[in-house]
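Trainee: Spelled out, the chains give:
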Amino acid sequence: GQQVMQIPQYQHVQEGEDFTTYCNSSTTLSNIQWYKQRPGGHPVFLIQLVKSGEVKKQKRLTFQFGEAKKNSSLHITATQTTDVGTYFCAGVGSGNTGKLIFGQGTTLQVKP
Amino acid sequence: DTGVSQDPRHKITKRGQNVTFRCDPISEHNRLYWYRQTLGQGPEFLTYFQNEAQLEKSRLLSDRFSAERPKGSFSTLEIQRTEQGDSAMYLCASSFGLARDEQFFGPGTRLTVL
Chain A
1 GQQVMQIPQY QHVQEGEDFT TYCNSSTTLS NIQWYKQRPG GHPVFLIQLV KSGEVKKQKR
61 LTFQFGEAKK NSSLHITATQ TTDVGTYFCA GVGSGNTGKL IFGQGTTLQV KP
Chain B
113 DTGVSQDPRH KITKRGQNVT FRCDPISEHN RLYWYRQTLG QGPEFLTYFQ NEAQLEKSRL
173 LSDRFSAERP KGSFSTLEIQ RTEQGDSAMY LCASSFGLAR DEQFFGPGTR LTVL
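Chains as they are written, first to last, in the working numbering: chain A, 1 to 112; chain B, 113 to 226.
Be aware that one or more of the hints could be misleading.
What the hints assert, rightly or not - If you want a taste of the chain A side facing chain B, the calculated C-beta under 10 Å gives, among others: (1) 7; (2) 27; (3) 28; (4) 30; (5) 33; (6) 50; (7) 90; (8) 99; (9) 101; (10) 102; (11) 110.
In short, the hints are calculated from the structure, not lab data.
All residues carry an ideal CB built from backbone N, CA and C; glycine is no exception.
Just need the whole structure built from these sequences, with the hints factored in.
Mentor: Right under this line is the structure:
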C-alpha cells in the first residue's frame, strides 16, 4: 500500500537557526498536505501543494513539491519558540475519498 | 466555537468493555473521517463518510470497530471488547465536498484500556 516516509524524526535547533523536514512517498501523489500538531494538540492544516515543482511560502515557511510529485519538503527560516511542534506531511490517497496517508512526523524543539 | 468537537476527551476503560465516541463535524461539511494516532506516529486512517454513507474502511478497522453517521451530521465510533492495543488517540476530521479539501481535526478522544 501507499506509504509516506518523513525524516528526521526529531530536530533540536537553537532559536534563529533554520529547520527542514523531508517527506517521500512510495507512489506518485496527486497532492500533498502539511499539518502542524502542537504538544497535546491536534493536527492543524498548513498548506496544500498540487502542481509538480510547486513552491509556496507562508512568512518564514517554504513548502516544495518535487518534480516527480513523490517528495516534498518544509523549510523554516530563523526558527522561533512558537514553531515548536510536530510537522506532518500527508499524501492524499488514491480514489475520491480524500483519506490522508500521514508520514511519521518531525518533532521540532527550539531552544531559546 | 464552530470547529469539530469530540466527546469524551478522555476515556479509561477495562479490557473487554465497549466504548463509544462521538464526533460533531463542522456543520456544512459533507465529509467525515476517523483516524487513530499512537504516540510518536502520524494519524492512521480508519474510515470515511460522505454524508451518511460509509464509503471506505481501513484494514486496521477490525470487526470490533463500527462507525455510523446516521443523519449525515454527527458520527459515532464504537469499539467492542476493547483490547490494550486499542489504547490511542482517536481523531475525527471533517472537510467540504472535495477529496483534496483541507481537513479540520477535532481535539480527539484519548482512550486508555487497562
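Trainee: So which hints don't hold here, by number, going up?
Mentor: As far as the earlier hints go, 1, 2, 3, 11 are violated by this structure, in ascending order.
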